[in-house]
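A.B. asks: Residue numbers (my numbering), protein chains in the order written: chain U, 1 to 255; chain W, 1001 to 1223.
Mixed in with the good hints, there may be bad ones.
Unchecked claim - Derived lysine to aspartate or glutamate pairs resembling EDC-like cross-links, with alpha carbons at most 20 Å apart:
# : chain 1 : residue 1 : chain 2 : residue 2
1 : W       : Lys1190   : U       : Asp157
2 : W       : Lys1190   : U       : Asp62
3 : W       : Lys1093   : U       : Glu25
4 : W       : Lys1190   : U       : Glu153
5 : W       : Lys1190   : U       : Glu55
6 : U       : Lys11     : U       : Asp62
Read the hints as simulated data drawn from the structure, not as lab findings.
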Amino acid sequence: MSAGNMRLTLKVWRQSNTDTQGGFESYNLDGVSPDMSFLEMFDILNEQLIEESKEPVAFDHDCREGICGSCSMFINGQPHGPLKGVTTCQLHMRTFKDGDTITVEPWRSGAFPVIKDLVVDRDGFDRIISAGGFVSVNTGNAQDANNLPIAKEDADDAFSAAACIGCGACVAACKNASAMLFVSAKISQLALLPQGQAERSIRAEKMVAQMDAEGFGNCTNTHACSAECPKEISFENIARMNREYLGAKVSSKVV
Amino acid sequence: MSWFTQALTSSIGKKLIMSLTGLFLISFLVIHATINAMIFYNDGGETFSHWGHFMGTNPIIRTLEIGLVLGFLIHIADGLWLTKKNNDARPVKYAVTNANANSTWYSRSMGLLGTLILIFLVIHTSHFWIPNRANQFATGEELPLYQMMLNIFQNIWVVVIYVLGCFSLFWHLLHGFESAFKTLGLYHLKYNGAIHFIGVAFSIVVPLLFALMPISIYLGWVY
Chain U
1 MSAGNMRLTL KVWRQSNTDT QGGFESYNLD GVSPDMSFLE MFDILNEQLI EESKEPVAFD
61 HDCREGICGS CSMFINGQPH GPLKGVTTCQ LHMRTFKDGD TITVEPWRSG AFPVIKDLVV
121 DRDGFDRIIS AGGFVSVNTG NAQDANNLPI AKEDADDAFS AAACIGCGAC VAACKNASAM
181 LFVSAKISQL ALLPQGQAER SIRAEKMVAQ MDAEGFGNCT NTHACSAECP KEISFENIAR
241 MNREYLGAKV SSKVV
Chain W
1001 MSWFTQALTS SIGKKLIMSL TGLFLISFLV IHATINAMIF YNDGGETFSH WGHFMGTNPI
1061 IRTLEIGLVL GFLIHIADGL WLTKKNNDAR PVKYAVTNAN ANSTWYSRSM GLLGTLILIF
1121 LVIHTSHFWI PNRANQFATG EELPLYQMML NIFQNIWVVV IYVLGCFSLF WHLLHGFESA
1181 FKTLGLYHLK YNGAIHFIGV AFSIVVPLLF ALMPISIYLG WVY
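Just need the whole structure built from these sequences, with the hints factored in.
C.D. replies: If you want it as structure tokens, here you go:
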């Protein structure tokens, strides 16, 4: 790591718990290396705060490799910051300039209440998955290749949809705080594969019903979700979910 | 709740209603723009009045008009409902947003553009449609719509309001046309290009044609 030489001003959302009102705090940070990740920069800030006997900033993180979907910072008006196709942990300080002021907020959504500072409760996503985002039949051991014929295009689309890490950037980016990109990716990855067919209709119905019950907004087709998604999940999934849901509603045996 | 009500009141159902009524209103715009464009024959309103008379008196068209009013009302009510729900979904707003990095301003402003069109519609229908139907109801006679157009569009401020209404319609359609197809699930490599092209062309041609009407009358090109 090269020597730190950036000087930054951070405006960070601080909120002690769900029930209290939050507000912005400004922090000056010296000696930030351009090679640090955004989260490493926050580690430095927290060390500084601890040395000053102040409460460190709470933020979600786990793998720091861009695959777990834990980090969730809204940086200068964009989820995961200004770069395309990266999570906050894969955003490096070289993206910013010396002397910059960076505003960091938590995901804003009624369905994602703030737990503390930049940490939000994303259990709503888990409840949507529990409602139907699974295959409950026993699919057995891994099959020999091509035992179960799947068109290459379908396999590719299912794989792309399955790349969703459930970070919630789509909700954060959407002007309506809609979760449709997430839900549609989870519906699509199973709807496209043979193992997902048995519960295809009921899955779409139940997952959409749970999404609505959580209080997420409704899609306006702005494509902001897809543009901000760190895994670049295609907007096509939302159109597929619309087909799956409406098709299920008019044809399924569940009345 | 029956499966039908459940479907229509779900998030996707509300979008479906928005999409279907939107496409229905788009089909109305085709008829409205075509018949009104008859003024460009510049024949003292003869062709325009001929078709205006047909639209205003034909019993089938008059019955369909009830559907049109319902289409407008449902599109507006559903739009307001969705806007309210969407606002509620984010009770605490962001201090900083850089939404231009991920979406167009007009795709994020459908509620605002729709409201501007609604204000325009109130002004527009009180100029022509409401007095004409009121008169038909009271006396059985139609009003001289062509002559009314010539009179009303002598006022520059009326012309400005109509042109602004057309701009709102342009941006509303520029997002709405394509968006309606996406909501229906009609999103596919094979026809996305065609829908985009037709959507952009429609959004330009129809509002431009409408805007040219008051402008042409004001400038004396049509008399």
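A.B. asks: Between Lys1190(W) and Glu153(U), is the straight-line Cα distance small enough, at 20 Å or below?
C.D. replies: Holds, at about 15 Å.
A.B. asks: Given the hinted pair Lys1190(W) and Glu55(U), is their alpha-carbon gap at most 20 Å?
C.D. replies: violated, 55 Å
A.B. asks: Measure nothing beyond the straight line between the CA atoms of Lys1190(W) and Asp157(U); if it is 20 Å or shorter, mark the hint as holding.
C.D. replies: holds, 16 Å
A.B. asks: Sort out whether Asp62(U) lies within 20 Å of Lys11(U), counting only the CA atoms.
C.D. replies: It is violated: about 23 Å lies between the C-alpha atoms, which goes past 20 Å.
A.B. asks: Does Asp62(U) lie within 20 Å of Lys1190(W) when you go C-alpha to C-alpha?
C.D. replies: It is violated: about 41 Å lies between the C-alpha atoms, which goes past 20 Å.
A.B. asks: Starting from Lys1093(W), check that the Cα of Glu25(U) is at most 20 Å away, please.
C.D. replies: Cα-Cα ~17 Å, so holds.
The earlier numbered hints that this structure contradicts are 2, 5 and 6.
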